[in-house]
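A.B. asks: Assemble the dimeric complex from its two separately framed chains, guided by the hints.
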Amino acid sequence: MEFDWTEDDARHREQLRDFLAEELPADWETISQHGPGGDAQAAFSRHFCGRMAERGWLTQHWPEEYGGQDASPWRHAVVGEEMWAIGEPRGAQYMNVNWIGPAIMTYGTEAQKAEHLPRISSGDVLWCQGFSEPEAGSDLAALRTQALRVEDDYVINGSKIWTSYCNHADFIILLVRTDPNSRRHRGISVLLVPMDTPGIEVREIPSVVGERYFHEVFFTDVRVPMSTRLGPENEGWEVVGHALQFERVGAARYARAAVTLDRLAEIAQERGLLDDPIVVDRLGEARALCEAARVLTYKVIDLRAKGSPPTADTQLARVLGTRADNAIGVLALEIVGPEALEYGSFADSNFRLAMTAGVAVGATEVQLNLIASRFLGLPRE
Amino acid sequence: MDFDLNQEQSAVLEAVETLLDKHAGAARAVELAAESDYDAGLDDALEQAGYGDIASAMGRLEAVLIIEAVAKRGGVVSAGARLLAAPALSLDAPPGPVALMRTGHSGPVRYAAHARTLLMLDDECARCIELEPGACPAVPSNFGYPMGRVSDEIAAGGRALAPGSGPRLQDAWRLGLAAETVGCMEGALEQTAGYLKERKQFGRAIASFQAVQHRLAECAIQLEASRWLTREAAHGAGSSEAIATAAAFALDAAGHVFAETHQLSGAIGFTREHDLHVWSMRLHALRQELGGVAGHRRAVVDQRWGAGSSQGSGEGGR
Numbered sequence: 000m001e002f003d004w005t006e007d008d009a010r011h012r013e014q015l016r017d018f019l020a021e022e023l024p025a026d027w028e029t030i031s032q033h034g035p036g037g038d039a040q041a042a043f044s045r046h047f048c049g050r051m052a053e054r055g056w057l058t059q060h061w062p063e064e065y066g067g068q069d070a071s072p073w074r075h076a077v078v079g080e081e082m083w084a085i086g087e088p089r090g091a092q093y094m095n096v097n098w099i100g101p102a103i104m105t106y107g108t109e110a111q112k113a114e115h116l117p118r119i120s121s122g123d124v125l126w127c128q129g130f131s132e133p134e135a136g137s138d139l140a141a142l143r144t145q146a147l148r149v150e151d152d153y154v155i156n157g158s159k160i161w162t163s164y165c166n167h168a169d170f171i172i173l174l175v176r177t178d179p180n181s182r183r184h185r186g187i188s189v190l191l192v193p194m195d196t197p198g199i200e201v202r203e204i205p206s207v208v209g210e211r212y213f214h215e216v217f218f219t220d221v222r223v224p225m226s227t228r229l230g231p232e233n234e235g236w237e238v239v240g241h242a243l244q245f246e247r248v249g250a251a252r253y254a255r256a257a258v259t260l261d262r263l264a265e266i267a268q269e270r271g272l273l274d275d276p277i278v279v280d281r282l283g284e285a286r287a288l289c290e291a292a293r294v295l296t297y298k299v300i301d302l303r304a305k306g307s308p309p310t311a312d313t314q315l316a317r318v319l320g321t322r323a324d325n326a327i328g329v330l331a332l333e334i335v336g337p338e339a340l341e342y343g344s345f346a347d348s349n350f351r352l353a354m355t356a357g358v359a360v361g362a363t364e365v366q367l368n369l370i371a372s373r374f375l376g377l378p379r380e
Numbered sequence: 000m001d002f003d004l005n006q007e008q009s010a011v012l013e014a015v016e017t018l019l020d021k022h023a024g025a026a027r028a029v030e031l032a033a034e035s036d037y038d039a040g041l042d043d044a045l046e047q048a049g050y051g052d053i054a055s056a057m058g059r060l061e062a063v064l065i066i067e068a069v070a071k072r073g074g075v076v077s078a079g080a081r082l083l084a085a086p087a088l089s090l091d092a093p094p095g096p097v098a099l100m101r102t103g104h105s106g107p108v109r110y111a112a113h114a115r116t117l118l119m120l121d122d123e124c125a126r127c128i129e130l131e132p133g134a135c136p137a138v139p140s141n142f143g144y145p146m147g148r149v150s151d152e153i154a155a156g157g158r159a160l161a162p163g164s165g166p167r168l169q170d171a172w173r174l175g176l177a178a179e180t181v182g183c184m185e186g187a188l189e190q191t192a193g194y195l196k197e198r199k200q201f202g203r204a205i206a207s208f209q210a211v212q213h214r215l216a217e218c219a220i221q222l223e224a225s226r227w228l229t230r231e232a233a234h235g236a237g238s239s240e241a242i243a244t245a246a247a248f249a250l251d252a253a254g255h256v257f258a259e260t261h262q263l264s265g266a267i268g269f270t271r272e273h274d275l276h277v278w279s280m281r282l283h284a285l286r287q288e289l290g291g292v293a294g295h296r297r298a299v300v301d302q303r304w305g306a307g308s309s310q311g312s313g314e315g316g317r
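Line by line, the protein sequences are chains A and B.
In terms of numbering that gives the first Met the number 0, the first sequence has 28 at position 29, counting the first letter as 1, and numbering is strictly consecutive.
In terms of numbering that gives the first Met the number 0, the second sequence has 125 at position 126, counting the first letter as 1, and numbering is strictly consecutive.
Pulled out of the complex, with its shape left as it was, chain B reads as follows (with noise of 0.2 Å):
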């Protein structure tokens, strides 16, 4: 075993750093956010350097240890489905954006709005159905990502990928998911920390204060651990139920990393200026995938005791 980056990982993301560095951020995020707009231009940037095929080219822990990376920088580009759901579907280079759904969702679906590709999660084989610019109108949210409302019409069509392609897409959709989790619980958390360093009340740091340090050093230990379980289920051939597993405890540490940096940020956490909100307010749109906390841990205890309790898994099934 060995936690740390390999030499073409730490080249990997430098690179993407250095990419980030000119297209992502705090500020490029609020600007898009205005607009409820797609980052085409870190997108572009993304697919050019080759990174759309990092999963077959190196593996699914080198395409995770990027998503972190961009969910971190708060890169406004639908990541997860490109990198890691689109491959593992067999799709090369599918019009992007790439936008995931699973059938009988409602509600607004993550970039669905500027996608080409959406990827349907039936049960045993995924569909992939391709949009026309526009097919998706746009909708409004609050929750840090363009969204898009998917027809009936439209999530009904589109062709039937070989049997087995459902359980490869979910596996692939959920790793995303923790892996985008924890770029945002870093996000929040540096922010957070940062912030309370600097702010001062009662004449000293907020961060000073034992009653806030735990609170952090909590938050700390639930972003860890996070990001240590979903590398792990991304390398070799991590199982369904390592991923399960990861993002099981992931998507529920960003229920409490989001209460957290929010009380202890106080008002101003609020706020369009402070920016918090690039990835708090995300944190909860990712636990509105696959069933969310609930769907997770069914899967976690479908997968290792086979308890074949998967009936009622849906979104609406909690």
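Excised from the complex, chain A in its bound form (with noise of 0.2 Å):
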């Protein structure tokens, strides 16, 4: 057992602090008060993502071949830490380079790749996933959305929703049915799908966590070539299951609520309230909570890291990095008081991202029961 950063990723952590003091501007605290999804923030990302590529730090983690250096998930790490505790400059591109682009090395034809990744690596194109439909949420493969063959062309009909990004994403990764007799896993496809194509429509669907961040993308004839399609036919189900196979211990949650917890520190100190035993105690127990999230995380990152295959601390990981931000979220409210109300204030945002952390990318409940059959192995009846 070894718990040291090496001296190269300790370094690279430093180099990206001084590169975020250096690249964020004055009012970037205004920037990413609605989160990566905000207008403002989506178009500094093209700016800050261009940035990070020009030093061969945005997709320093893939293969040489597609212009990344190799970096191991360690170094991958500590980019997603630093970035996502300042609040995500690099917007919704976290998800091309995480895991759209690789999925692409994996499953994507000569020319899906020529096309899409040189685009992504340059950090000036964004895309969203979509996935969740209105019968299809935590049941995700009881999605409806169709993709019928019509000559050459797929003919895509049906929506999706609490889809973010998407008002501003050049691309949408699109999961559909494109066996209409099919039921469940089988008969979904991916498509690889520019969101200027006719028949698109998107509706921002208002909501109490900020801004354009939900939307609903309404699909009506929407005519693509068969060539959009990523991987096989009917077998999406798997593509988008290796894709995401390590993706879903999510964002860094913990590393910014630490770094919001910090914060709350500072300001507990400045009104005298480290006296009171109460606060003490709350902000030791979310210190505490913040730390345990980030270690099952590193556990994780060390499966990946050996390339062994996933297994359920992933979900071990995600809900406690869940419940790192929820606390966290809540305990900004309570330390800052009624400040905390005005819209866009520091508590008011840091709370309005924490609060979707349970539901976002895979409910509490749904990762509880993988633990219980995969960790566990408790019985299903």
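By construction, these hints were calculated from the structure, which means they are not laboratory data.
Hints may be right or wrong, so weigh each one.
FRET-style restraints, in silico, Cβ to Cβ [claimed, not checked]: (1) A/Glu338 x B/Gln262: 34 to 42 Å; (2) B/Gln209 x A/Gly271: 27 to 35 Å; (3) B/Gly24 x A/Glu364: 32 to 40 Å.
Stretch-level coverage of chain A by chain B, calculated; a stretch enters the list once three of its residues show a Cβ under 8 Å from a Cβ in chain B [said to hold, decoys possible]: (4) 22-31; (5) 263-273.
Some chain A residues well away from chain B (every beta-carbon gap over 10 Å; in silico) [said to hold, decoys possible]: (6) Ser181; (7) Ala287; (8) Asn325.
Everything numeric in this text was worked out from a predicted model, so none of it was measured.
Each residue gets a CB set at the ideal place from its N, CA and C atoms; glycine is no exception.
C.D. replies: This is the structure we're talking about:
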């Protein structure tokens, strides 16, 4: 067992911090108040990811043959932590570099690789993911959006929901049912669809999370060539499962929570609240929770670095990351007090982004089901 | 970073498991508890195998792995004090067993009735007190450990160790507490999950109900996080902050795991014939030391944000 960072990774973290200090504008807090999907942050992400790409940092974990440096999952984790902790200046592009690009490397045709990978690695393309549907949330395999073959094209009809970032996205990675007689996990395919294709309509779903956070995407006779399909027809469930197998641990929520907590401790100290044993207790509890989520996430990264098959460790880490984010979101409201009620204030912005943690990318209850069966070996019936 | 045991660590654990197969286990713990006795046989075996010096010979992490393993098997030996606390004070082969106490503590002390060495935590300096056999009367306790009461006179004695020994003792004690908590939680959770897979009600295994599964899954999350925080804190130059963080998380988790394993086990879980108590009751004993969860959390805040809020961190200071 070994729990130290390598010197190289530790140095890279410092480089990233210096880089962020240089690149983030003075009004970054305002820009980022709506989260990665906000208009200002999406626009900024194109500039920022370009700057990261210039340094070779945006896709350093990609294989050399696709312009990366074969950097280890640990290096990739350092980048993820530093970016998420400061509010994710890569915007939605973290998804491109984390898994959409790698999925195209694994399953894409040469033409798809040539079309998409250079744009992703240069940081000037935005993607969104079209998975959930009104009748297929936690039960994703119930999805109904259809793509039927007409000549050499697919014609897509249906709708996706909760889609973040689609208002800015150039492409959507879309799960569709290509076999109309199929059920559940079979008969599903993945399509890479340009968002400016005629017949796609995006509607915002106003929410308390913030501006432009959720959307519904409607597909009405959207016609795309068969060459947009990623991987084999009707095997899209496996394609996405493989592509996402390590991503399910999610964003480095604990890193952002830990930074927020440091700031809360500062506020508490300024206000003399550190004499209050209840405040001290809550701060200590929250710090332990952030660290617990971090160490379990590192366990997952260790498995990934060793090329081990994914385990339910991912779900353990994910649940705690969610808990840390939620707990510190609430603690911020309590420590900041009524000032937190102003929209866009520090505690408000943090709370809004934290509140979705237990639902986004797979509800906590689904994670607990997986832990029960795969980690504890509990029987189904 | 590497979360796998290395070869030496695997070899040590394998040897310790063999030894525990022979000397420890729930049945042995129950037998000893009936007499409030200490497991001198297991203590001797660990000592003869050289594990008393494991922290200096290999490192604190290896000591933590052994403490976890002993606790998981219900071992009735003062492993945390012997494997971590004594070496932290550079006490080689102190007369054993070793017990730990903090100045101002009132109430029974784990292992004091059998201990030959009592390490006393003052603020800056620790003290080492040698005990005559029978010096501390046994105190009956339901909390899974043999306990003794230390008189004021004994508690005031001994020789002061070097300045700085106090904080070192505190870190080692806290780390040992966290490791022992991990082992006890694991024992309690395995026992409970195993029982619930067998026990049928409403025509099916209790463990197949989702309401039960989620609660066991939550316990597993708490346990695994406690385990890895503790191991990480034990590694290399793991800081006082990392140790306090591990203890804050693990001892809080201990309360949760106690409540859940007992609730899910039902009435049988309260009986002496069912082994859950071997691990579960200890969890609450461990939560009494070094100010309990509140004390560990306060230490986290002090270490991380230099809050200067350490006043009143005694056991009565919650």
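A.B. asks: Determine for every hint whether it applies to the structure shown.
C.D. replies: Hint check results:
| no. | hint | in the structure |
| --- | --- | --- |
| 1 | A/Glu338 x B/Gln262: 34 to 42 Å | holds (41 Å) |
| 2 | B/Gln209 x A/Gly271: 27 to 35 Å | violated (46 Å) |
| 3 | B/Gly24 x A/Glu364: 32 to 40 Å | holds (37 Å) |
| 4 | 22-31 | violated (count 0) |
| 5 | 263-273 | holds (count 4) |
| 6 | Ser181 | holds (28 Å) |
| 7 | Ala287 | violated (4 Å) |
| 8 | Asn325 | holds (14 Å) |
Going through the hint list in order, the structure does not satisfy hints 2, 4 and 7.
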